Amino acid sequence: MSLKGPAKYREEAAKTIHEKPEVRASITAATRTFDAHRVHAWGQIDADRWRDWARDVKTHLLRNLDEYLEQAEERLTANGAHIHWAETADDALAVLSEVVHAHGIARVVKAKSMLSEELGVNGHLEGLGVHVRETDLGEYIIQLLGQPPSHIVGPAIHLSVDDCRSLFSERLGTPLDAEPDELAAAARDALRAEFLAADLGISGGNFLAADTGTVALIENEGNIRLSTSLPRVHIAFVGIEKLVPRLEDVSGLLQLTTRAATGQPIGIYTSLIQGPRKSDEVDGPEEVHVVLVDNGRTKLLADDAAWEALRCVRCGACLNICPVYRQTGGHAYGWTYSGPIGAIIAPGMLGLEEAMPLPFASSLCGACTDVCPVRIPIPDLLVHWREQAVQQGLAPPTETLGLKAYAKLAQSPELFGTANSVLRHMPLQLGGRALPVLGGWLQERSAPRSSKKSFLQMWKEGIE
Amino acid sequence: MSARDRILERVREALSDRETAAHPGAFEGWRPTTASHPVNGLVQLLEAAGGEVVRQPNVDDAAAWLASFCADFENSAVGETVPVVLHPPLPLGAPDTAPLGVSMARGAVAETGSLIMDARDGRRAQLLVPTHVVFVHTRDVYATLREALIDLVDDLPSAIAFHSGPSKSADIGQILVKGVHGPGRLVAVLIDGET
Amino acid sequence: MRASLFATCLCDQFYAEACADAVRLLRHLGVDVDVPEGQTCCGQPAYNAGRPEEARGMATHTMHVFADAEYVVLPSGSCAGMIRCFYHELADEGHAESLASRTYELSQFLRQVLNVDTLGTGLQGRRVAYHHSCHALRELGVEDEPLSLLAGCGAEVVEWEADQECCGFGGLFSTKLPEVSAAMADRKLDTLPDIDFMTSSDGGCLLQLSGRAAKRRIGPPFVHLASALWQGVGP
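Note that the protein sequences, when read in sequence, are chains A, B and C.
Counting from 1, one number per residue, gives the positions in the first sequence under the working numbering.
Counting from 1001, one number per residue, gives the positions in the second sequence under the working numbering.
Counting from 2001, one number per residue, gives the positions in the third sequence under the working numbering.
In case anyone wonders, no lab produced these hints; they're calculated from the structure.
Fair warning: there could be bad hints in the mix.
Label pairs and their in silico Cβ distance ranges [claimed, not checked]:
hint : chain 1 : residue 1 : chain 2 : residue 2 : range
1    : B       : 1052      : C       : 2121      : 39 to 49 Å
2    : A       : 171       : C       : 2191      : 46 to 56 Å
3    : A       : 286       : B       : 1153      : 35 to 45 Å
Partial list, derived from the structure: chain B residues whose beta carbon lies under 7 Å from chain A [as the list claims (entries may be wrong)]:
hint : residue
4    : 1012
5    : 1030
6    : 1158
7    : 1159
8    : 1160
9    : 1164
Under the rule of at most 25 Å between Cα atoms (straight-line distance), these lysine to aspartate or glutamate pairs were calculated in the DMTMM-like manner [claimed, not checked]:
hint : chain 1 : residue 1 : chain 2 : residue 2
10   : A       : 15        : C       : 2179
11   : C       : 2215      : A       : 70
12   : A       : 8         : C       : 2179
13   : A       : 299       : A       : 287
14   : C       : 2215      : C       : 2196
15   : C       : 2176      : A       : 19
These numbers come from a predicted model, not from an experiment.
From the three backbone atoms N, C-alpha and C, an ideal C-beta is built for every residue, glycine too.
Whole structure, please, built from the sequences with the hints as guidance.
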């Protein structure tokens, strides 16, 4: 299954809702659980203060991004790592090809990385004839199914235990009624062999501390530690917005991210990687490459409003609380990043036209910004992109005409009253054909009934 | 102009008309209630995450505990920084086949319930074994993650990892499973003093 | 004390009786009520659709209509939220702030300005589900006010797992992405415990939920908060 692009959002969402109700059920249950854990974990700390601090660190970082990028490059190089700068996805993949050819790489193990999805790393490796295996259990499951991840933190939350049972029975030979423990053990054995045989490990980066040249990675399984420790080469793809001024800043951002994502005080394993193994170490990769990726991030940075979206720490909390996301899961959004964060970075990274209608795929309920650990003003940014869409002529002409007419009426109270009267006396059932906007309403809801008299009329006549 | 220069140029251009934003300063981990003694915090969090914690008054007692603990294991992988007195009385095994691994942690963090694992101790023995015993001195327990990181900066190996419990995943239908892929059993042995 | 009622475009059209109940309720509490002529729409639909120019026109008009109001009271959290939170972006900052500081959603006005505790026993023994409109909750911070007022009429406000989740109205969202909007309404309706009626501060939410319920031929009665509280005053 490949993602169909944001343009198909309405269609894909409707399909998921009507044809796969179990997806909606799984996603709703999983996201509610994640969110409940976040609430509990934030209740143990002064969350408001942590979030203010995190917002300020990330804002400072973004405001001085060029300096910190240069510092990180210098430190990582001093640590013995190789730095690459990729303006586009193609550039990043070219670095990958270079490393693959230079080392004769045949087998790759991958840690979960949304950036690697964004860049299309797996497809590229397969095209090079390289065997690539996702090692995060959730990513492994969806790789076997040929699906993209549907959530930033839990890639397989749209699947049930039974889905996993059938899959593992087919691919790993486990019994159809196997308990999760048994399924996990089978995956562990299969993936253990992969870790031991791989020549290249690929990861993303949750944070990159500029002062020490440290790539920080968060996980619960251990597959990231294994992928970045066992193979002789490690490549980390890191978005340029992932920088953090100082290693000690990671202390706050790390804890806030894990509490926001899954309610944990910290992930089970946190890796702080400086570079390749040193002479006094018995294991570790011989070569470490860090690819700093732009791929549209500088475009977002240049936007006077949307730059705030670059504070994102990819915790998934906004997905977990979003009432729109939970009806469909991530696939309907049609590209790598879904939910509220996906909708506000898509116009910067894909371009607004390609990102449509994602900025409109929201009721602007505001729940997301209430839970964002770095206080991204998501609803404001959605409205910002909507304004841009209107200015660029991407909104439907009927909507433009309709709202312009409405606004005019609303500034002429007598005409407004007349229009309301007309509406009151027109059976809205029929109106649906006349006014497309009503059609959308009537498809799913009964026609609303106008009051017999408008309130303003009642007031004129006197209220008892 | 290289890709590097073009990216930096675009960043600078994007920032050219922005207001300055100061660094907010140290992260102090603000909480409604102050934590109890750091070591208690460490124990609580490790146990809540599914880890086991054992306290020994000194290294000799810790060694005796280890001897009895590993009675049922055939062999063991041992970390490079584990002092000889704390080596298990077992044949040495390879990390990828041994049922048990013994490591020496560089320290621990009470705020997060984490053991600080240094690459110099050997990464494979920390990750591939199903049962992982980790020794740490109580004097090396930091109250906060920030303090630990500030200290570590002076002597950073290629990799430091914080291990905060046994490996777990909830990717199969949101049901918790252990031991995929790191050790499914983590035993932290806190040593309170020297002999 | 004088309060100027801003009926709002939706309530004027679809919940006129609820507006009348708001008037009755305020008068019962000793407030002098007027309804400034020329009121139309706060401009939110245009603003949320990315059309600040059109919204600006409506905001300026609204500010003019309510320029002399001592208090502006609305049977709508989202319209009150629009005025309080976004007018300063659209119009002269000083005037916008002045209007914002005098603007209240009905239950917010009753609790925060009139300090109303109990209204009567008109809802004694009634099991009621309260739907929190997103803008009342998150823009105005109105959370306890409607609940305590309902309880103050003798109602039992039931536990409801989806009570603070968006109903799926979102203005034009409901018609541009109707399938997702309906799924959101279904989430609310399908998690409702056994109740006598559902109420909310916002007409848009009620239209969305009652419209979906009617289409599915399910659902409890839907009552605007103003009417529920007026009923709560009792005999």
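Tested hints:
A beta carbon spacing of about 59 Å between residue 1052(B) and residue 2121(C) contradicts the range 39 to 49 Å that was offered as a hint. The hinted range of 46 to 56 Å is not satisfied by residue 171(A) and residue 2191(C), whose Cβ atoms lie roughly 37 Å apart. Remark: the range hint 35 to 45 Å for residue 286(A) to residue 1153(B) is contradicted by a beta-carbon distance near 24 Å. Satisfaction of the interface hint for residue 1012(B) is found here, the shortest Cβ-Cβ separation to chain A being roughly 5 Å, below the 7 Å cut-off.
About 4 Å separates the beta-carbon of residue 1030(B) from the nearest beta-carbon of chain A, less than 7 Å, and the hint is met. Satisfaction of the interface hint for residue 1158(B) is found here, the shortest Cβ-Cβ separation to chain A being roughly 5 Å, below the 7 Å cut-off. Because the smallest distance between the Cβ of residue 1159(B) and any Cβ of chain A comes to about 5 Å, under 7 Å, the interface hint for this residue holds. Using the Cβ-Cβ criterion of 7 Å, the hint placing residue 1160(B) at the interface with chain A is satisfied: the shortest such distance is roughly 4 Å.
Evaluation of the residue 1164(B) hint against chain A yields a held restraint, the C-beta minimum of about 5 Å falling below 7 Å. Taking the CA atoms of residue 15(A) and residue 2179(C), the gap is near 9 Å; set against the 25 Å cutoff, the hint holds. With a C-alpha separation of about 60 Å, the suggested pairing of residue 2215(C) with residue 70(A) is violated against the 25 Å cut-off. Simply put, residue 8(A) and residue 2179(C) have alpha-carbon atoms about 13 Å apart, close enough for the 25 Å limit, and the pair holds.
Of the supplied pair hints, the one linking residue 299(A) and residue 287(A) is violated, its CA atoms being roughly 32 Å apart against a limit of 25 Å. With a C-alpha separation of about 19 Å, the suggested pair residue 2215(C) and residue 2196(C) falls inside the 25 Å cut-off, and the hint holds. For the proposed pair residue 2176(C) and residue 19(A), the alpha carbon gap of about 20 Å is at most 25 Å, so the pair holds.
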